[in-house]
Amino acid sequence: MIPLSNDYLVHVAQSDVTLSGVFRFASLAHYDEVFHPIKALFEQRSPVTIHMHKVLFLNSTGITAIARLVIAARAVKLILIIKCSKEAHWQHKMLVSLCRLYDDLRIVSE
Amino acid sequence: MQLAPASESLVTRQSWIVYPHQVKQEWVVCGQTVDGVVDALPLVTQESQLMMASILNELIENAVKYSASDALPVRIQVTHRPQGFCTHITNWCTKYQGKRTLNWIRGIHATPIGEQYIKQLWRSAVSPTPQSKLGLLGICHDYPVQLNARLGRIPVYTDLCQITVSVGGDWIAPQ
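Protein sequences, first through last, are from chains A and B.
Position one of the first sequence corresponds to residue 235 (the numbering used here), numbered consecutively onward.
Position one of the second sequence corresponds to residue 56 (the numbering used here), numbered consecutively onward.
Misleading hints may appear alongside valid ones.
Stated by the list, open to error - Listed next, the stretches of chain B that the computed footprint assigns to chain A, with coverage defined by at least 3 CB atoms under 8 Å from CB atoms of chain A:
{"id": "1", "region": "78-92"}
{"id": "2", "region": "99-110"}
{"id": "3", "region": "172-178"}
{"id": "4", "region": "183-190"}
To be clear, the hints were calculated from the coordinates, so they are not data collected in a lab.
Ideal Cβ positions, reconstructed from N, Cα and C, are used throughout, including at glycine.
Could you put the whole structure together from the sequences, leaning on the hints where they help?
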């Protein structure tokens, strides 16, 4: 069985954000609250890297919440790098879609 | 959380019931329900488990969000065939909502799914909408599945009807 507990973590250290665990919140408002520290980081206007390797699950509302971060980065012309796991195909697929929202979004699959 | 198998066929079919009020009270119940269903199915690979979990999660979330009453059950049914699984999620909704969902699903193949997905992703990302409305589109976008819906017999004495949304196809091989 996949470890789908409902534990999640959003860890911000300088310009690096690490997301891990399972994200299955019901509403975008809940995601906006959880991702608020990331958005606040955008105000520094320096490149931000989001590490998603340890994200086990993200529902469609979560994908939209990530898309909102991408749009927010685009609005301030911020370089946003999202690193995902090569082994989690769903992550790569999702990020390829997000690239269509912002040309300067950089995806690193590792 | 109440997650009791409503019926169990020795051959191919298992059902569960969850009530919207249970999920709305504590959203974590949605995930627990999904985990319980996935755990009960003979899915061998982690990829197939994740695929089933993702699909069930979106379908149950939708069923709960659009249920006409928190007290009316949402039925989760998984049919296991030699070539794979098919999931059916049934909930009560208003006739208006039921017909709207039915038409939306019937029309989903009119435009390339990738295009629809990106459009909706953009729309929900830039607007203050409370819901992403990406769930069913995401299922069709991410997995090689068939999405169908049907309305149950529409009773005349109420404004409600049952809608069943099914996801199937030769998509999750048991091994």
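Results for each hint:
no., hint, result
1, 78-92, "holds (count 7)"
2, 99-110, "holds (count 6)"
3, 172-178, "holds (count 4)"
4, 183-190, "holds (count 6)"
The structure agrees with every numbered hint stated previously.
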